[in-house]
Each structure stands twice: as structure tokens, then as C-alpha cells.
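Visitor: The residues making up each chain are set out below.
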Amino acid sequence: GNSVTQMEGPVTLSEEAFLTINCTYTATGYPSLFWYVQYPGEGLQLLLKATKADDKGSNKGFEATYRKETTSFHLEKGSVQVSDSAVYFCALNYGGSQGNLIFGKGTKLSVKP
Amino acid sequence: GAVVSQHPSWVICKSGTSVKIECRSLDFQATTMFWYRQFPKQSLMLMATSNEGSKATYEQGVEKDKFLINHASLTLSTLTVTSAHPEDSSFYICSARQYRAGELFFGEGSRLTVL
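Just so you know, the protein sequences line up as chains A and L, in that order. Read left to right, the first sequence gives residues 3 to 115 (my numbering). Read left to right, the second sequence gives residues 163 to 277 (my numbering).
Don't take every hint at face value.
Unchecked claim - Lysine-lysine pairs mimicking DSS-like chemistry, simulated, CA-CA at most 27 angstroms apart: (1) K107(A) x K203(L); (2) K114(A) x K54(A); (3) K114(A) x K203(L); (4) K110(A) x K226(L).
What the hints assert, rightly or not - Taking CB as the label site, the calculated pair distances span: (5) E18(A) x C175(L): 41 to 47 angstroms; (6) Q191(L) x G43(A): 33 to 39 angstroms; (7) A19(A) x P248(L): 39 to 45 angstroms; (8) L188(L) x G11(A): 40 to 46 angstroms; (9) T72(A) x N232(L): 39 to 45 angstroms; (10) P12(A) x L277(L): 41 to 47 angstroms; (11) G3(A) x A164(L): 43 to 49 angstroms; (12) P202(L) x L15(A): 31 to 37 angstroms; (13) K217(L) x N61(A): 21 to 27 angstroms; (14) N102(A) x E249(L): 23 to 29 angstroms; (15) T14(A) x D189(L): 32 to 38 angstroms; (16) Q222(L) x E18(A): 42 to 48 angstroms; (17) D56(A) x G264(L): 36 to 42 angstroms; (18) E249(L) x N61(A): 33 to 39 angstroms.
To be verified - Stretches of chain A that chain L covers, calculated by requiring three or more beta carbons in the stretch to come under 8 angstroms of a beta carbon on chain L: (19) 44-54; (20) 103-111.
It should be emphasised that the hints constitute simulated quantities derived from the structure, not laboratory data. Just so you know, even glycine gets a beta-carbon here, dropped at the ideal spot from N, CA and C.
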């Protein structure tokens with residue numbers, strides 16, 4: 003079946019460090035892939051997405067590339083800030099409706115000054 | 163971005179009582195709303211999809227008589243956990259979208275604790 007696996011947290015980094023959060027997926031067909039972010043006390047927000055193989059989604063300095071050959075969609079940022087502290091969810095869309103999202107378990111990121 | 167608000171953000175109730183959680187889209191009309199459940203350190207699991215003015219569509223394994231969903235208007239959907247038991251304790255999250263292919267906007271979640 004369809005599933006998403008992302009690295010377990012928490013991840014603790016110093017400001018300006020490089021961030022990678024791994025995400026791999028299992029899916030039939032060609033899903034769209036998403037990264038959502040949840041800041042403390044807020045709802046999930048779409049961070050970036052990619053709809054087909056080799057697409058790169060980017061936003062706020064974060065990037066992720068849809069790799070069909072490795073079924074991965076790793077999230078990266080070159081220099082994290084304290085304000086990036088949040089929980090990050092990788093997700094895939096297995097149907098025509100974006101509501102049919104399958105989420106990973108989330109990875110909590112804490113950035114220390 | 164658009165705002166989706168849930169209320170209450172946390173609730174404690176006694177076993178056997180019913181609890182209602184509201185999900186409101188504050189600055190747009192939501193044709194479709196979704197309800198998810200999240201256990202500690204687990205993924206968000208889609209429970210049901212509700213379209214304004216029609217019955218909700220429940221995911222396999224979700225008891226429709228247990229989790230009543232009403233999408234009575236374009237800005238409000240409610241989830242009622244009936245005859246709640248401790249195993250219903252969880253974090254419930256809603257999301258909403260304006261158009262079929264539109265972006266999803268999420269509420270901040272509601273934590274239910276059943277004693």
C-alpha cells in the first residue's frame with residue numbers, strides 16, 4: 003500500500019547549520035509529494051510540493067527534489083534559523099483530491115542560537 | 163494565507179459523554195473539509211471527508227456512528243465524538259479547501275482527553 007517514512011526526531015541543530023530530513027515513500031502510480039510544517043500552536047502549513055519526478059519544490063530556503071528512482075523527497079536547507087523550529091511532515095497524495103494525503107510521522111526540529 | 167480555526171483547542175471529558183469540535187474557515191468558503199486523527203508520534207490519519215450540504219464520506223475502519231460529522235455551512239464543519247471512551251483520546255485536526263484542486267489549510271488541532 004501507500005506509505006511515507008520519514009526520519010525520527012527530534013533533530014537539534016545550531017543556527018546556520020545544514021538541515022536534511024529524510025523522507026521515502028511507497029506508492030502505486032505517480033503521487034504528488036508534499037512537505038508541511040507546523041509551528042508551535044499553529045496548524046499545518048504547506049511548505050513545498052512536487053508533482054512529478056525530478057521536480058524540485060522550494061520555499062523559504064527549503065528545497066526537496068522528487069526522486070522516483072530512490073522513491074525519496076528529502077527536505078534540505080542550507081542554513082537554518084531559530085525560527086525554523088517546528089515539526090515537519092512529509093506527505094503524498096494518492097488520489098485526485100489533495101485531501102487524500104498520507105502523512106509521515108513528523109520530525110521535530112529544534113534550532114538553537 | 164487562509165485561516166482555519168478549531169475550537170476547542172483542548173477538552174477533557176468523562177467517559178460516556180459526547181464532545182463536539184468545531185472547524186471554521188475564517189476568510190474563505192470551504193467546499194470541502196477533512197478530519198484527521200493523530201496519535202502521539204504517529205502520522206495524521208484521514209478519518210472522513212465532508213462536503214457542504216451532503217453526508218460525510220468516512221475512511222475504512224472509522225465508525226460513522228461514533229464520529230458524527232456535519233458540514234452545515236460553507237464555513238463550518240463539526241466533529242462530534244459520541245459516547246466517548248478513553249481510547250478516543252487523541253489529537254483531532256481539520257483541514258479545508260475552497261476549490262477541488264485548491265490548497266489545503268489546516269486548523270491548529272484539538273486535543274481530546276477522555277477520563
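Visitor: Determine for every hint whether it applies to the structure shown.
Guide: Results for each hint:
no., hint, in the structure
1, K107(A) x K203(L), "holds (6 angstroms)"
2, K114(A) x K54(A), "violated (35 angstroms)"
3, K114(A) x K203(L), "holds (22 angstroms)"
4, K110(A) x K226(L), "violated (32 angstroms)"
5, E18(A) x C175(L): 41 to 47 angstroms, "holds (46 angstroms)"
6, Q191(L) x G43(A): 33 to 39 angstroms, "violated (25 angstroms)"
7, A19(A) x P248(L): 39 to 45 angstroms, "holds (41 angstroms)"
8, L188(L) x G11(A): 40 to 46 angstroms, "violated (31 angstroms)"
9, T72(A) x N232(L): 39 to 45 angstroms, "holds (43 angstroms)"
10, P12(A) x L277(L): 41 to 47 angstroms, "violated (29 angstroms)"
11, G3(A) x A164(L): 43 to 49 angstroms, "violated (31 angstroms)"
12, P202(L) x L15(A): 31 to 37 angstroms, "violated (23 angstroms)"
13, K217(L) x N61(A): 21 to 27 angstroms, "violated (36 angstroms)"
14, N102(A) x E249(L): 23 to 29 angstroms, "holds (25 angstroms)"
15, T14(A) x D189(L): 32 to 38 angstroms, "holds (36 angstroms)"
16, Q222(L) x E18(A): 42 to 48 angstroms, "holds (46 angstroms)"
17, D56(A) x G264(L): 36 to 42 angstroms, "violated (25 angstroms)"
18, E249(L) x N61(A): 33 to 39 angstroms, "holds (38 angstroms)"
19, 44-54, "holds (count 5)"
20, 103-111, "holds (count 6)"
Against the hints set out earlier in the document, violations occur for numbers 2, 4, 6, 8, 10, 11, 12, 13, 17.
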